[in-house]
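Q: Since the structure of chain A is provided, determine the placement of chain B on it from the hints.
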Amino acid sequence: MEKRKMICISCPLGCNIEVFRDESVSGFSVSGNKCELGKEYGVKEMTNPTRLLTTTIKLKNSHLKRLPVRTDLPIPKVLIKNCMREINRIEVSAPVEAGMILVENILGTGANVISSRSIGQNQHAGM
Amino acid sequence: MQAEYDVVVIGAGPAGLAAAIEAKKNGVERVLLVDRDRELGGILQQCIHNGFGLHLFKEELTGPEYAERFINELKELHIEYKLETMVIDLSKDKVITMVNSKDGLLTIKAKAIVLAMGCRERTRGALNIPGTRPSGIFTAGTAQRFVNMEGYMVGKRAVILGSGDIGLIMARRLTLEGAKVLAVVELLPYSSGLTRNIVQCLEDFEIPLYLSHTITRIKGKHRLEGVYIAGVDGNRQPLEGTEVYIECDTLLLSVGLIPENELSKAANIELDTATNGPIVSESMETSIDGIFACGNVVHVHDLADYVTLEAQRAGVSAAEYVKGLLWKKRTDICIRAGQGVRYVVPHFVNVDNLKDTLELFMRVDDVYKDKNLLIKLDDEILTTMKKKRLVPGEIEHIEINAKMLKEKSVSVLTVEVQKEGA
Numbered sequence: 001m002e003k004r005k006m007i008c009i010s011c012p013l014g015c016n017i018e019v020f021r022d023e024s025v026s027g028f029s030v031s032g033n034k035c036e037l038g039k040e041y042g043v044k045e046m047t048n049p050t051r052l053l054t055t056t057i058k059l060k061n062s063h064l065k066r067l068p069v070r071t072d073l074p075i076p077k078v079l080i081k082n083c084m085r086e087i088n089r090i091e092v093s094a095p096v097e098a099g100m101i102l103v104e105n106i107l108g109t110g111a112n113v114i115s116s117r118s119i120g121q122n123q124h125a126g127m
Numbered sequence: 001m002q003a004e005y006d007v008v009v010i011g012a013g014p015a016g017l018a019a020a021i022e023a024k025k026n027g028v029e030r031v032l033l034v035d036r037d038r039e040l041g042g043i044l045q046q047c048i049h050n051g052f053g054l055h056l057f058k059e060e061l062t063g064p065e066y067a068e069r070f071i072n073e074l075k076e077l078h079i080e081y082k083l084e085t086m087v088i089d090l091s092k093d094k095v096i097t098m099v100n101s102k103d104g105l106l107t108i109k110a111k112a113i114v115l116a117m118g119c120r121e122r123t124r125g126a127l128n129i130p131g132t133r134p135s136g137i138f139t140a141g142t143a144q145r146f147v148n149m150e151g152y153m154v155g156k157r158a159v160i161l162g163s164g165d166i167g168l169i170m171a172r173r174l175t176l177e178g179a180k181v182l183a184v185v186e187l188l189p190y191s192s193g194l195t196r197n198i199v200q201c202l203e204d205f206e207i208p209l210y211l212s213h214t215i216t217r218i219k220g221k222h223r224l225e226g227v228y229i230a231g232v233d234g235n236r237q238p239l240e241g242t243e244v245y246i247e248c249d250t251l252l253l254s255v256g257l258i259p260e261n262e263l264s265k266a267a268n269i270e271l272d273t274a275t276n277g278p279i280v281s282e283s284m285e286t287s288i289d290g291i292f293a294c295g296n297v298v299h300v301h302d303l304a305d306y307v308t309l310e311a312q313r314a315g316v317s318a319a320e321y322v323k324g325l326l327w328k329k330r331t332d333i334c335i336r337a338g339q340g341v342r343y344v345v346p347h348f349v350n351v352d353n354l355k356d357t358l359e360l361f362m363r364v365d366d367v368y369k370d371k372n373l374l375i376k377l378d379d380e381i382l383t384t385m386k387k388k389r390l391v392p393g394e395i396e397h398i399e400i401n402a403k404m405l406k407e408k409s410v411s412v413l414t415v416e417v418q419k420e421g422a
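Quick note, the sequences are listed as chains A and B, same order.
29 is the number that the numbering used here gives to position 29 of the first sequence; each next residue is one higher, with no gaps.
11 is the number that the numbering used here gives to position 11 of the second sequence; each next residue is one higher, with no gaps.
For reference, chain A alone in the conformation it holds in the complex (with noise of 0.2 Å):
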């Protein structure tokens, strides 16, 4: 039988836990899990393992140089490389509204990527 350990990131806690494959409808059976997540984080790790993308893109006509940004939804782990080179090509200008959608449909992956702060615009940024 396949039998793999990980660890659960889904929070900080960090279970220990073990992910067995068998006949249910996932395909797999999980323990150690504390809750629900750990369950789903599981069985996606065996099959589609996923992340949130955080980063930052250049900002203009602002006190700061970088906008922090990261994907609304996880995104597969194996696109994260493909997806920070598309995401180094943008930029924006302040002002800028949290949650501001900056790059629709990422990759075909259905995450949009989003700004994850507000920042004011600055007179005195060298423009």
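No wet-lab data here; the hints were simulated from the structure.
What you are looking at is a predicted structure, and each value in this text was computed from that prediction instead of being measured.
Incorrect hints may have been included.
[To be verified] If the Cβ cut is set under 8 Å, some of the chain B residues that face chain A in the computed set are:
| no. | residue |
| --- | --- |
| 1 | Leu176 |
| 2 | Leu194 |
| 3 | Arg196 |
| 4 | Ile381 |
[Stated by the list, open to error] Derived pair list, reagent style BS3-like, types lysine-lysine, alpha-carbon separation capped at 27 Å:
| no. | chain 1 | residue 1 | chain 2 | residue 2 |
| --- | --- | --- | --- | --- |
| 5 | A | Lys39 | A | Lys5 |
| 6 | B | Lys388 | A | Lys3 |
| 7 | B | Lys92 | A | Lys60 |
| 8 | B | Lys102 | B | Lys82 |
| 9 | B | Lys25 | B | Lys94 |
| 10 | A | Lys5 | A | Lys34 |
| 11 | B | Lys111 | B | Lys75 |
| 12 | A | Lys34 | B | Lys102 |
| 13 | A | Lys44 | B | Lys388 |
| 14 | A | Lys65 | B | Lys156 |
| 15 | A | Lys39 | B | Lys369 |
| 16 | A | Lys81 | B | Lys180 |
| 17 | B | Lys371 | B | Lys388 |
| 18 | B | Lys371 | A | Lys34 |
| 19 | A | Lys5 | B | Lys156 |
| 20 | B | Lys387 | A | Lys81 |
| 21 | B | Lys219 | B | Lys156 |
| 22 | B | Lys82 | A | Lys65 |
| 23 | B | Lys102 | A | Lys65 |
| 24 | A | Lys77 | A | Lys3 |
| 25 | A | Lys77 | A | Lys5 |
| 26 | B | Lys94 | A | Lys44 |
| 27 | B | Lys180 | A | Lys58 |
| 28 | B | Lys111 | B | Lys219 |
| 29 | B | Lys58 | A | Lys39 |
| 30 | B | Lys403 | B | Lys323 |
| 31 | B | Lys109 | B | Lys92 |
| 32 | A | Lys44 | A | Lys77 |
| 33 | A | Lys77 | A | Lys58 |
| 34 | A | Lys58 | B | Lys156 |
| 35 | B | Lys419 | B | Lys387 |
| 36 | A | Lys5 | B | Lys369 |
| 37 | A | Lys3 | B | Lys387 |
| 38 | A | Lys60 | B | Lys82 |
| 39 | B | Lys371 | B | Lys323 |
| 40 | B | Lys419 | B | Lys75 |
Every residue gets a Cβ at the ideal spot worked out from N, C-alpha and C, and that includes glycine.
A: For chain B alone, coordinates are given in the frame of chain A:
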């Protein structure tokens, strides 16, 4: 003329924001929040990764998103704040001296003060690593600010010393931005960071973690050229013949945080040598009446959510103090860190100030597996908690029913790791 406020909060990170909000919400009119940075939010603004808010909001937020929730609330409550303002002195009579370029020198008298200055990173100077002093050596948090806010990449080939959370987060961050992270080097036989960060920051990107290793020499004249790493023995001394050279242009240090207590010392507030922060009560009151403290200035937390919870308690207490509702008698119960426990916060309890529960935060001094954590009231065992795993890198959070403490007359509460065979 000296301005007067009911509550002044020093530091506008997660602790200061929550304390100011709670003080105002609990009926105190004149609240002032002061910070030396140019915007509110403190270090949260550079922590662009997710993982904040899971306990408090049941959502996974980034640092800036977490900060923004509190900043919005602060503004809705019309709480006054001063930015780019540095507090330079604090007296035990609760007079605060501060400076900024607009008002010049200011002295403010407060009825109550909440200290929320956070902590500072340990630097190379604290470690005594031999070698030259080239550029390219940063604390992990400084590098984080450069990369995430100021838009400067710190280097191309990096080694990280210390496996604290900021170091692990930066290992992933530098990798995403195109640098090669060659190694994370940890002196201890275990990581001091959260397990989830080992998985999602190192294992996901195949970054090697060298436990029981240290940096023995630094090479480079103008820019860092490389570091020598070596294994260490049980006494943390480098083992002969294990030294390896790693060519790199950047070294990040993630080797611990120290609560920033210059102001507490100026006011002669009593500090705990284990936490390096003020000794506090259940209400987060320090050894000086009406001066409260919360967040990383008290002890270094590993989750911002717990900082917020602690700060909310400090904010409520400051408001109660101003309204004359806080009991001043203060040594009902002393809390003691027993066998295997490095520290417990708070340090003393006045049971009359307790509501439903007494919350304790503690850290163990070593890695323990399948052990019992004991809570003792004087010599009697109150609770035994089975723990699969206790590690110094993760704070244990314990709640004790206040009723049990109120019914008995107890003078010492001890938290300890049960000895073998006991």
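Q: Indicate, hint by hint, whether the structure satisfies it.
A: Hints and how they fare:
The beta carbon of Leu176/B is positioned within 8 Å of a beta carbon in chain A (closest approach about 6 Å), and the interface hint is therefore held. The interface hint given for Leu194/B holds, since its Cβ lies 5 Å from the closest Cβ of chain A, which is under the 8 Å cut-off. Hint status for Arg196/B: holds, given a least beta-carbon distance of 4 Å to chain A, under 8 Å. A hinted interface residue such as Ile381/B counts as satisfied when its beta carbon comes closer than 8 Å to some beta carbon of chain A; here the least separation is about 26 Å, so the hint is violated.
Annotation: proposed proximity of Lys39/A to Lys5/A holds, straight-line Cα distance about 13 Å (limit 27 Å). A threshold of 27 Å between alpha carbons decides the hint, and for Lys388/B with Lys3/A the separation of about 22 Å falls inside it, so the pair holds. Of the pairs offered as hints, the one joining Lys92/B and Lys60/A is violated, with about 45 Å between alpha carbons and a cut-off of 27 Å exceeded. Between the alpha carbons of Lys102/B and Lys82/B the distance comes to roughly 10 Å, so the proposed pair stays at or under 27 Å and holds.
Among the hinted pairs, Lys25/B with Lys94/B is consistent with the structure: their alpha-carbon atoms are about 22 Å apart, no more than 27 Å. Straight-line distance between C-alpha atoms of Lys5/A and Lys34/A comes to about 15 Å, which keeps the hinted pair within the 27 Å bound. Among the hinted pairs, Lys111/B with Lys75/B is consistent with the structure: their alpha-carbon atoms are about 22 Å apart, no more than 27 Å. Proximity of Lys34/A to Lys102/B is assessed by CA-CA distance (about 53 Å); at most 27 Å being required, the pair is judged violated.
In summary, the hint linking Lys44/A to Lys388/B is supported, as the alpha carbons are separated by about 26 Å, within the 27 Å threshold. About 20 Å separates the Cα atoms of Lys65/A and Lys156/B, which keeps this hinted pair within 27 Å; it holds. In summary, the hint linking Lys39/A to Lys369/B is supported, as the alpha carbons are separated by about 24 Å, within the 27 Å threshold. About 14 Å separates the Cα atoms of Lys81/A and Lys180/B, which keeps this hinted pair within 27 Å; it holds.
Under the criterion of a C-alpha separation no larger than 27 Å, the hint pairing Lys371/B with Lys388/B is consistent with the structure, at around 7 Å. This hinted pair checks out: Lys371/B and Lys34/A have alpha carbons roughly 19 Å apart, not beyond 27 Å. Taking the CA atoms of Lys5/A and Lys156/B, the gap is near 34 Å; set against the 27 Å cutoff, the hint is violated. The suggested pairing of Lys387/B with Lys81/A is violated, with an alpha-carbon distance near 39 Å, which exceeds 27 Å.
Taking the CA atoms of Lys219/B and Lys156/B, the gap is near 16 Å; set against the 27 Å cutoff, the hint holds. With a C-alpha separation of about 23 Å, the suggested pair Lys82/B and Lys65/A falls inside the 27 Å cut-off, and the hint holds. Under the criterion of a C-alpha separation no larger than 27 Å, the hint pairing Lys102/B with Lys65/A is consistent with the structure, at around 25 Å. Of the pairs offered as hints, the one joining Lys77/A and Lys3/A holds, with about 21 Å between alpha carbons and a cut-off of 27 Å not exceeded.
Using a Cα cut-off of 27 Å, the hinted pair Lys77/A and Lys5/A holds, with the two alpha carbons roughly 19 Å apart. About 55 Å separates the Cα atoms of Lys94/B and Lys44/A, which puts this hinted pair outside 27 Å; it is violated. A C-alpha spacing of about 22 Å is found between Lys180/B and Lys58/A, which places the hinted pair at or below 27 Å, so the restraint holds. Restraint check for Lys111/B and Lys219/B: not satisfied, since their Cα atoms lie roughly 54 Å apart, outside the 27 Å limit.
Among the hinted pairs, Lys58/B with Lys39/A is consistent with the structure: their alpha-carbon atoms are about 17 Å apart, no more than 27 Å. The suggested pairing of Lys403/B with Lys323/B holds, with an alpha-carbon distance near 25 Å, which does not exceed 27 Å. As the CA atoms of Lys109/B and Lys92/B are separated by approximately 11 Å, the hinted pair is consistent with the 27 Å bound. Our distance criterion of 27 Å between C-alpha atoms is met by Lys44/A and Lys77/A, whose separation comes to about 11 Å.
At most 27 Å may separate the alpha-carbon atoms for a hinted pair to count; Lys77/A and Lys58/A meet this at roughly 24 Å. In summary, the hint linking Lys58/A to Lys156/B is supported, as the alpha carbons are separated by about 19 Å, within the 27 Å threshold. A hinted pair counts as satisfied when its Cα atoms are at most 27 Å apart, and Lys419/B with Lys387/B qualifies at roughly 13 Å. Only pairs whose Cα atoms come within 27 Å are accepted, and Lys5/A paired with Lys369/B is accepted, the gap being roughly 18 Å.
Between Lys3/A and Lys387/B, the direct Cα distance comes to roughly 25 Å. Compliance with the 27 Å bound is thereby established for this hinted pair. A distance of roughly 26 Å separates the Cα atoms of Lys60/A and Lys82/B; the hinted pair therefore holds under the 27 Å criterion. Proximity of Lys371/B to Lys323/B is assessed by CA-CA distance (about 44 Å); at most 27 Å being required, the pair is judged violated. Note on Lys419/B and Lys75/B: the hinted pairing is violated, with a Cα-Cα distance of about 51 Å set against a maximum of 27 Å.
When held up to the earlier numbered hints, the structure conflicts with 4, 7, 12, 19, 20, 26, 28, 39 and 40 and fits the remainder.
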